[in-house]
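Undergrad: Each chain is listed here by its residues.
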Amino acid sequence: MDESSSSKPISDWKDIDTSYRFPTLFLVAKATGWLLISTLFSLLASIKMHSPEFLSNCSWVTYGVLVPAARNAFIYGFALQAGFAAMLWMTMRLGQVKLRGPGFIFIGMILWNLALVLGILGLMGGGLSGYAFLDMPGFVYPMLFTAYALIGGMAILTFFKRQVRELYPSQWFIYASFYWFPWMLTIASYALFSSEPARGIAQALINQWYVSGMTTIVLGFVGLALVQYFIPKLSGRDLYSSHLSFFAFWMMLLFGGLTGLLEAQSLPAWAGVISSVCSHFVSLAWVIVAYNLWKSLQGSGRGSDPFALLLVRAAALSGLVGALLTAWGSRPAAAELVQFSLFLPGLTWLQLFGFVGTLLLVSIYYFLPRVTELPWKSGGILSWKGVMTCYFSGVSLISLVYLVGGWKQGKTLADASKSFAEVQAAAMTFIRISTVGELLVFVAALMVCLKVTGMLIAQLRAYIQCCCSCKSEATQ
Amino acid sequence: MSSKPNNTKSKGKTGNDREPGVGKAPVSVGVFVVTILLAYWAMMELNTRAGGFSRYVYGPYESYAVVESVQPGSGDDPIKRGADIYRNICSPCHQASGMGAPGQFPPLAGSDWVNVEGPNRMLRIVLNGLGGPIEVNGETWNAVMPGFGDVIVSDEDLAAVISYVRNSWTNEASICTPEEAAAVRAESGDRGRAWTSTELLALPLEVQ
Amino acid sequence: MQKGYQLFFGILAVMVISWLGLVVFPTVQLGHQSTRQVKEIGRHYPSEPGSIVLNGRKVYQQAGCVACHTQQVRQSGYAFDVVLNEVGDFPDSVKQILVDAAKLAGKALSGEEASSQMAQLPSTLLEGVDRVTAEGVIRLFKDSGAKVAANILPLGPDIQRGWGPRQTVGLDYLYDQPLLMGQQRLGPDLANVGARLTDRDWHLKHLYHPRSVVDGSNMPAYTYLFSVQPIDGEPSPDALELSEAFSAGEGMEVVPKPEAHALVDYLMSLRIENPVFEAPYMFTQADPSDINNSEMQPAQ
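Protein chains in written order, with the working numbering: chain R, 69 to 544; chain Z, -5 to 202; chain L, 19 to 318.
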């Protein structure tokens, strides 16, 4: 690929990338910090699942508190912050435009993290709200919204100033995600936390609407934007068809609102059927995306970075399998078995950690050196290859163990002749194995955190050196 | 994944930083066909399994009517029981709507023979039948109705169908008890010929 | 879709559809329900929880019990018991109909068996038959003078386990703020726990140390809800009577804090014994003790 094929002189990339340096570096550093916290909580919770005496005398770390704390730290701490960084990167790169208002993004990020610290502490200290994915106390959401308005507002401003007017498919997904999140957050937090909240069982539907929107649309679209960006980018080929992407995009947006709700869930029959129908459309959209990616990859070589490409493909596969299993699990016969079992957390692992998480880590690996103009420090076990192998094998292990274990647990649960002790026993072996996976993911998160911190320190040092030399030049 | 320095690339020295382009391959017909089939299936699902989007239809029950019919003790409800009998015996002439047929069968819905204090006259019509002209809601009808005394043998059923008619459509009148039905049957059950409207109008409204 | 504003309005339109269909519609349809008079229990259902129960609910919410316990009973199907309540004035024809009815349900019934069924009333003629059969049988008895009824029988593993006599429906959660119906069953369902487990001491011991009452349970101990204190003269009347292996040690006693009592009050208030229109079942006063046969029976 010679340079003349780019529509813009490549020397400009440097300006673009560096305009983005500090907000991104801090966003990524904070995100990986939250990833570490999340995986630590998750590891502790996993141990508590089979060893109930572990840390049992403290109300701050009951199993029921650790699980939502881990989930929220992952979603709001890691996935959304790393997602902001990745989306800003793609906005600038695909639009060939400098970042607007990095200062606002910086302030927004600080507010976001402040809200999150208060929220997680509030959650652990007795403010657990009880709503999935909205487990933090109600006062956090206006803060998150304000912080988001600053970050997302700047992203949209940057988007409107783009120099390349033609939109690449990833950009649709990014903007759907950017718009959907604040609307969804406002509606759901207003409906659930206002002074006149939704009553009774309506809360379940609104909550599931939020969970589904978060998984399929907000975070799912970040993942889909990244996968459709990285596959052509790393393989050096064009995306096969924008029309296929277009088709899948609208189908997913239209039907992504209520997936994953199972039938016979104390809700009228229509709710489960609607959700089942939506899950099927989303999985069809996923098949179309996968076909598009597969066609793009056909006949390509090993690409510039074979391991990264392999990871992106593995992540895409996780997303596809997750969507197909969600649709399968919503069929009445299957729902009877998988409902209330570990199968659903298994799906969450597959979709959030396997699909979105892997892609976000690949994006951090990919753009951070370009943004900071510093290489990753290489070194033995700390190499990205080691880190990502550790992460992805851990996530695959947990997903697999939860899916299979959940299915087995559900099957025992559906057999009324088996006592509940037998139901527990059916899942226990799998739960023990999952702790190994949790440990792997935790170690990977720790290493990512170290790497990013190393990068941050190196960047700060370079910045200070630069300042000093500038000063000394000025004084001479 | 290589951990060797990437910064050379970010300076744009290699072609790797070309942003991805996108092809314009058309969406194949197969995709549309599958989508349409899925949409068709989805409509069928919503049609058959969503319980008419009612807030009262849950889980294994197919529709509101099913939930209603499986209520415990619903078999004892005279109005329900009456509805069954009405459907079998009365609706061929008086119609399920209770509106009768113009010129042939007088209406029961809103009729001034139904919406009266007692079921005395109605019971007699159903037991022994009616002949000759009859004025209903100011309109004169000339029809013959057979008696159903030996078709509806149980007094409870007789009371049930009368109660149903008196409380359906726009009608609002008292329930007929099996005792009232039994009393009228004892008095006129073996009368052997139909009533005329003049005879009936001479009788009291309520069962004595 | 090459323009930013087209994209924006497209996404906005989808959002509005999603919001109207999946937030506004359910809020109106399900959130705006009101309590209902249930004739079997002679009062409005559900009733507003008292302040102690609400405190206990708060403890339940804060400890994240919802991560392992559901409060929803599923129902996978339903069947009918056909019951003969009264024979009426024509025993001979009823006897013949009994034989026919058995045939309709695919069973053989002799004349003597039919007589014995008629001798003891109410007698169950058919157990667990489907709706079509039940309706067919009832039609046979029409005009015979006999009184038969089809009693609905909710089916499903949860119900067979004794977790509740019927499925849970939206009405049951009318006062649940926030909703704590749960998605995971690492522990048993609690929708009807107040009717299943009626021993207050058992609940307290179970919270203090689950394995002291249920062998092999993997529920964590909620010891922070209890204070372990030295016995000051007389032992407190409230202290738990724990077995040797779980006692707090010589001269010490375990006294539940108010939070523990509130939580137990909340648990014991969880009941779904009354039928509702959406989830009918044959309610008899004897039922609550009948269904008290779950495997999580208090250890004696």
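You may find that some hints are simply not true.
Here are the simulated lysine-lysine pairs, DSSO-like style, with alpha carbons at most 30 Å apart [as the list claims (entries may be wrong)]:
1) Z/Lys74 - L/Lys21
2) R/Lys166 - L/Lys21
3) Z/Lys18 - R/Lys166
4) L/Lys165 - Z/Lys18
5) L/Lys57 - Z/Lys18
6) R/Lys229 - L/Lys57
7) Z/Lys18 - R/Lys363
Quick caveat, the hints were computed from the structure, so don't treat them as lab data.
Only a predicted model underlies this, so the values are computations on that prediction, with no experimental measurement involved.
Undergrad: None of the hints should be skipped; say for each whether it holds.
TA: Verification of the hints:
| no. | hint | verdict |
| --- | --- | --- |
| 1 | Z/Lys74 - L/Lys21 | 62 Å, violated |
| 2 | R/Lys166 - L/Lys21 | 19 Å, holds |
| 3 | Z/Lys18 - R/Lys166 | 28 Å, holds |
| 4 | L/Lys165 - Z/Lys18 | 74 Å, violated |
| 5 | L/Lys57 - Z/Lys18 | 66 Å, violated |
| 6 | R/Lys229 - L/Lys57 | 67 Å, violated |
| 7 | Z/Lys18 - R/Lys363 | 12 Å, holds |
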